[in-house]
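2 protein chains.
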Amino acid sequence: MTAPTLLPPRTVSELGERALVARVTGRLPMPPWVVVGPGDDAAVIAPERGALDVLTTDALVDGVHFDRRFVPPDAIGHRALAVNLSDLAAMGASPRAVLLSLVLPDALDVAVVDGLLDGLLALAATHGVAVVGGNISRTPGPMMIDITAIGSVKPRRVMTRSGARPGDAVYVTGSIGDGLVGLRSLDIPDGQAPTHCQERYLRPQPRVRAGMLLGRNRATSSCMDTSDGLADAVRQIADASGVGITLDAAAVPIGDEARRWYAAHAQRALDAALVGGDDYELLFTVRPAHRGRLRHVRRSLGDLPITQVGVVTKGRTLSVQTDDGPQPLPEGFDHFR
Amino acid sequence: MTAPTLLPPRTVSELGERALVARVTGRLPMPPWVVVGPGDDAAVIAPERGALDVLTTDALVDGVHFDRRFVPPDAIGHRALAVNLSDLAAMGASPRAVLLSLVLPDALDVAVVDGLLDGLLALAATHGVAVVGGNISRTPGPMMIDITAIGSVKPRRVMTRSGARPGDAVYVTGSIGDGLVGLRSLDIPDGQAPTHCQERYLRPQPRVRAGMLLGRNRATSSCMDTSDGLADAVRQIADASGVGITLDAAAVPIGDEARRWYAAHAQRALDAALVGGDDYELLFTVRPAHRGRLRHVRRSLGDLPITQVGVVTKGRTLSVQTDDGPQPLPEGFDHFR
Numbered sequence: 001m002t003a004p005t006l007l008p009p010r011t012v013s014e015l016g017e018r019a020l021v022a023r024v025t026g027r028l029p030m031p032p033w034v035v036v037g038p039g040d041d042a043a044v045i046a047p048e049r050g051a052l053d054v055l056t057t058d059a060l061v062d063g064v065h066f067d068r069r070f071v072p073p074d075a076i077g078h079r080a081l082a083v084n085l086s087d088l089a090a091m092g093a094s095p096r097a098v099l100l101s102l103v104l105p106d107a108l109d110v111a112v113v114d115g116l117l118d119g120l121l122a123l124a125a126t127h128g129v130a131v132v133g134g135n136i137s138r139t140p141g142p143m144m145i146d147i148t149a150i151g152s153v154k155p156r157r158v159m160t161r162s163g164a165r166p167g168d169a170v171y172v173t174g175s176i177g178d179g180l181v182g183l184r185s186l187d188i189p190d191g192q193a194p195t196h197c198q199e200r201y202l203r204p205q206p207r208v209r210a211g212m213l214l215g216r217n218r219a220t221s222s223c224m225d226t227s228d229g230l231a232d233a234v235r236q237i238a239d240a241s242g243v244g245i246t247l248d249a250a251a252v253p254i255g256d257e258a259r260r261w262y263a264a265h266a267q268r269a270l271d272a273a274l275v276g277g278d279d280y281e282l283l284f285t286v287r288p289a290h291r292g293r294l295r296h297v298r299r300s301l302g303d304l305p306i307t308q309v310g311v312v313t314k315g316r317t318l319s320v321q322t323d324d325g326p327q328p329l330p331e332g333f334d335h336f337r
Numbered sequence: 001m002t003a004p005t006l007l008p009p010r011t012v013s014e015l016g017e018r019a020l021v022a023r024v025t026g027r028l029p030m031p032p033w034v035v036v037g038p039g040d041d042a043a044v045i046a047p048e049r050g051a052l053d054v055l056t057t058d059a060l061v062d063g064v065h066f067d068r069r070f071v072p073p074d075a076i077g078h079r080a081l082a083v084n085l086s087d088l089a090a091m092g093a094s095p096r097a098v099l100l101s102l103v104l105p106d107a108l109d110v111a112v113v114d115g116l117l118d119g120l121l122a123l124a125a126t127h128g129v130a131v132v133g134g135n136i137s138r139t140p141g142p143m144m145i146d147i148t149a150i151g152s153v154k155p156r157r158v159m160t161r162s163g164a165r166p167g168d169a170v171y172v173t174g175s176i177g178d179g180l181v182g183l184r185s186l187d188i189p190d191g192q193a194p195t196h197c198q199e200r201y202l203r204p205q206p207r208v209r210a211g212m213l214l215g216r217n218r219a220t221s222s223c224m225d226t227s228d229g230l231a232d233a234v235r236q237i238a239d240a241s242g243v244g245i246t247l248d249a250a251a252v253p254i255g256d257e258a259r260r261w262y263a264a265h266a267q268r269a270l271d272a273a274l275v276g277g278d279d280y281e282l283l284f285t286v287r288p289a290h291r292g293r294l295r296h297v298r299r300s301l302g303d304l305p306i307t308q309v310g311v312v313t314k315g316r317t318l319s320v321q322t323d324d325g326p327q328p329l330p331e332g333f334d335h336f337r
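From first to last, the protein sequence lines are chains A and B. Under our numbering, think of the first position of the first sequence as 1, with each following residue one higher. Under our numbering, think of the first position of the second sequence as 1, with each following residue one higher.
One chain only, chain A, in its complex shape (with noise of 0.2 Å):
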């Protein structure tokens, strides 16, 4: 008797590739406008009619955009689709399909990749997104899951970072600084737990709707998320529409959780929440004619808040007006510096 082989599979390679792949497309449920799904060379899906296709992707690796010491498997897989949807709404796209190309460690525990899809699917399920093909890899380094998104969007709904003009307002959803209060006190447990801010950064939930409505009513002049924090994303709209931008210091929408973590561990909240990142926030501008339209978007949006934070300027000049007067804009956060 070789009990041990009776043992169900625990590793990624005790179980195989084709196990591995068949444990993942059983899981999958498939909308009527998937005309092939996983298992054949590639997926086939109908695009909308008279819409446009919006594409993006972004890679999570293990130790470098999360820590399995404190993101469990559910959260690794909700995050690597929200950061996706994130993006996906920042153009104001529906989102409709994904790609899940995961890169697993030999002794990865297989329940590590049951949690994630839980994570991934529930999302997923959320916002109607059908998982409609992948790629499964070994590696012999650290546990990578890429997800590419395809949403849609009709063409005169698409929202970009360059249509800035001096005098329109910005804006923002949601809280900020929430991601990385979350992230540090989830590194450096100090028997405070944020609990609101900690499950902002293990399960963000992407501006999926906002970002649809702000297209659908053609309200900004330009829009991205906020994953690389805000002074980030100030930078590259007023890069992109060669303008500048001044926030405003007092107006920034910094959650009541996160301002008392800050003030606990005596750090400036603002300066945090401009270079911080793991906010799944839209950041957008509005020219002052479509105000209109704002409010039409807000009234629909219900409860999620949308905040002015500053304003387009002429010159090239970013700057944060503070109780001090007006200081420059930090510089974001480069991944390899």
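It should be emphasised that the hints constitute simulated quantities derived from the structure, not laboratory data. Glycine included, C-beta positions come from ideal geometry on N, C-alpha and C. It is possible that part of the hints are untrue.
Computed Cβ-Cβ distance ranges for the label pairs, DEER-style [what the hints assert, rightly or not]:
id: 1; chain 1: A; residue 1: Thr11; chain 2: B; residue 2: Gly63; range: 11 to 21 Å
id: 2; chain 1: B; residue 1: Ala125; chain 2: A; residue 2: Pro155; range: 26 to 36 Å
id: 3; chain 1: A; residue 1: Arg259; chain 2: B; residue 2: Pro9; range: 32 to 42 Å
id: 4; chain 1: B; residue 1: Ala289; chain 2: A; residue 2: Arg27; range: 54 to 64 Å
id: 5; chain 1: A; residue 1: Glu331; chain 2: B; residue 2: Thr11; range: 14 to 24 Å
id: 6; chain 1: A; residue 1: Gly16; chain 2: B; residue 2: Ala125; range: 53 to 63 Å
id: 7; chain 1: B; residue 1: Thr11; chain 2: A; residue 2: Arg268; range: 54 to 64 Å
id: 8; chain 1: A; residue 1: Arg156; chain 2: B; residue 2: Asp187; range: 48 to 58 Å
id: 9; chain 1: A; residue 1: Gly16; chain 2: B; residue 2: Thr317; range: 39 to 49 Å
id: 10; chain 1: B; residue 1: Pro8; chain 2: A; residue 2: Glu331; range: 38 to 48 Å
id: 11; chain 1: A; residue 1: Arg268; chain 2: B; residue 2: Ala125; range: 42 to 52 Å
id: 12; chain 1: A; residue 1: Arg27; chain 2: B; residue 2: Lys314; range: 26 to 36 Å
id: 13; chain 1: A; residue 1: Thr317; chain 2: B; residue 2: Ala111; range: 30 to 40 Å
id: 14; chain 1: A; residue 1: Glu199; chain 2: B; residue 2: Leu7; range: 39 to 49 Å
Given the structure of chain A, go ahead and fit chain B onto it with the hints provided.
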């Protein structure tokens, strides 16, 4: 004088993320149907009118899918795109756009990235494919290049794996076995250099035109590529179609150089050709009534050989007819076993 700081950056971390992204995107030509190219939250492209979207993703990991000791950077870039174009070809799709996800170690020489793009962009230009977006991430592990390719195909021209019926003939494009000979001879040089096979391994030519012609002429009942070996492709088509397939050993188009190499290494060329991967040919089935359509494809294709290698049978048996009688079809390769 601190001379070293005046030297140009050598590693990707010295260069930094933004400069690296700019270095890549600066080289990308954009066709007119790209509405928004790299540099925004997502890319936007106009789908081809009346066509379906075809989507595939495939990752190459350093040390798993290629060995940098004998695969030069341009070949890594070429192969990363070729494996994806081969998947689109198997569906009958014309390739249009790709997203490029690079996951790079800090210490990687920027020249490797440049070389990788040389190979990738040369193949992209050959097939009129635009790199419309992507992502660059850090990793503490090996270099990885993950490509998502998007093609388009008219609804009635889609080829899948599942339409083979008893009585159909089984065909393969080009030659089989070169990829494995190329890989082995590069890995363990022995004074001989089967240069054709090595080039076929390093810079495989995906059968894009053959796939499009087969789809357009509705010549096939099923199709897939042979990237995981001829035996694997035969098994996948048979499984998906619920049929058996009998291969004719003598008919498998093994090239002269590969045959000589196997003879010199006292191996049976057939066994290696059946289970070896890295040939990016198309395996497909044709109904007896559609031989005329295949003739039409052959005429349009010109030089590329198309060889009948077997027949589809009613039982679910998979076998190879040899001089010594029928043998069972060998198992394919499992990436995790």
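To see whether the hints hold, each was checked on the structure:
no., hint, verdict
1, Thr11(A) <-> Gly63(B): 11 to 21 Å, "holds (19 Å)"
2, Ala125(B) <-> Pro155(A): 26 to 36 Å, "holds (28 Å)"
3, Arg259(A) <-> Pro9(B): 32 to 42 Å, "holds (40 Å)"
4, Ala289(B) <-> Arg27(A): 54 to 64 Å, "violated (40 Å)"
5, Glu331(A) <-> Thr11(B): 14 to 24 Å, "holds (21 Å)"
6, Gly16(A) <-> Ala125(B): 53 to 63 Å, "violated (38 Å)"
7, Thr11(B) <-> Arg268(A): 54 to 64 Å, "violated (34 Å)"
8, Arg156(A) <-> Asp187(B): 48 to 58 Å, "holds (55 Å)"
9, Gly16(A) <-> Thr317(B): 39 to 49 Å, "violated (23 Å)"
10, Pro8(B) <-> Glu331(A): 38 to 48 Å, "violated (22 Å)"
11, Arg268(A) <-> Ala125(B): 42 to 52 Å, "holds (51 Å)"
12, Arg27(A) <-> Lys314(B): 26 to 36 Å, "holds (33 Å)"
13, Thr317(A) <-> Ala111(B): 30 to 40 Å, "holds (37 Å)"
14, Glu199(A) <-> Leu7(B): 39 to 49 Å, "holds (47 Å)"
In summary, the numbered hints that this structure violates are 4, 6, 7, 9 and 10.
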